[in-house]
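Chemist: Listed below, chain by chain, are the residues.
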Amino acid sequence: NAGVTQTPKFQVLKTGQSMTLQCAQDMNHNSMYWYRQDPGMGLRLIYYSASEGTTDKGEVPNGYNVSRLNKREFSLRLESAAPSQTSVYFCASSVIRGGGELFFGEGSRLTVL
Amino acid sequence: DQQVKQNSPSLSVQEGRISILNCDYTNSMFDYFLWYKKYPAEGPTFLISISSIKDKNEDGRFTVFLNKSAKHLSLHIVPSQPGDSAVYFCAASAWETSYDKVIFGPGTSLSVIP
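These protein sequence lines map, in sequence, to chains A and B. Residues in the first sequence are numbered from 4 upward in steps of one, following my numbering. Residues in the second sequence are numbered from 51 upward in steps of one, following my numbering.
Derived from the structure by calculation, the hints contain no laboratory data. Do not take every clue at face value.
[Unchecked claim] Listed next, the in silico BS3-like pairs over lysine-lysine satisfying Cα-Cα at most 30 Å (straight line):
1) B/LYS55 to B/LYS106
2) B/LYS121 to B/LYS87
3) B/LYS121 to A/LYS60
4) B/LYS118 to B/LYS106
5) B/LYS151 to A/LYS60
6) A/LYS74 to B/LYS55
7) A/LYS74 to A/LYS60
8) B/LYS87 to A/LYS60
9) B/LYS55 to A/LYS60
10) B/LYS121 to B/LYS151
11) A/LYS74 to A/LYS12
12) B/LYS106 to B/LYS121
13) B/LYS151 to A/LYS12
14) B/LYS118 to B/LYS55
15) B/LYS104 to B/LYS151
16) B/LYS104 to B/LYS55
17) B/LYS151 to B/LYS55
18) B/LYS151 to B/LYS106
19) B/LYS104 to B/LYS87
20) B/LYS121 to B/LYS104
21) A/LYS17 to A/LYS60
22) B/LYS87 to B/LYS106
23) B/LYS151 to B/LYS118
24) B/LYS87 to A/LYS12
25) A/LYS12 to A/LYS60
26) B/LYS121 to A/LYS74
27) B/LYS55 to A/LYS12
[To be verified] Label-pair restraints from in silico Cβ distances:
28) A/GLU109 to B/PRO164: 25 to 31 Å
29) B/PRO164 to A/GLN20: 43 to 49 Å
30) A/LYS60 to B/SER78: 21 to 27 Å
Because the structure is a prediction, the values reported are computed rather than measured. Here a beta-carbon is modelled for each residue, glycine too, at the ideal position from N, C-alpha and C.
With the rest of the complex left out, here is chain A:
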C-alpha cells in the first residue's frame, strides 16, 4: 500500500552537478506530475505526463527534463543544478479526469550550494 514513492528524500548538490529524482506509483494511475514547493509560492507544476509515453511542460520547466519510463515511473532530471533549484519537489499521480484529486509522494528536499 505504498501509493507514490519518491527517492531520494534529501539531497545536497553543488552548482553544476546533475541528479535524477525518481518517482513510482502503484495505483495504476495514467497521469503523473512533478511539482516544486517554495515558500509563499504554493506548488508549481514543472512537468506532467498525461499518460504513458507522453510528457509536457508545466509552469516552470526551465532547467529540468523528465522521463516517463513506464506507467508506474516518472523521473525528474536536473542536468546542471543551480541555487534557484533549491526547493522541495513533489511527485503526484492521478486518474484521468479526476477533477484535480492528486496523490502526492512525501517529497524530496533538494539543496543546491
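With chain A's structure known, arrange chain B on it following the hints.
Modeler: Same frame as chain A, but now just chain B:
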C-alpha cells in the same frame, strides 16, 4: 500573476471553535475547487473538493462553500481540533485536453490552540 490566492498566510484558532480559511481565484474556466492539507515533512493530501456547479459540499467536520459570482471559496472546520494544525492549500482544476491542470494557492498555516 497568481490565479489562486490565499491572502492569509496564517491563522490561529482555539480548539473547539470554527476555523475559516479563504481562497480567491481569477479564472472562470476552473471546474473543480479543492483543499489539500499538508503536515511538515509529508506530501499534501486531498481533503475535500467542490464542483463548480455546486455551492456547498460537506464531509464530516469540513465544509467547503463556493461563491462563483465573487470567485471565492472558503473551508470551514467545525469544531477545530489540534490535529487540524497544518498548512492548507486551496487549488483549482480545469481539464486541459489531456490532463487535469491544477493550480495551487500559496497556502494558509492553521494553528489550533488547545
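Chemist: Run through the hints listed earlier and report the numbers of any the structure violates, in increasing order.
Modeler: Of the numbered hints given earlier, those the structure breaks are 6, 26, listed in rising order.
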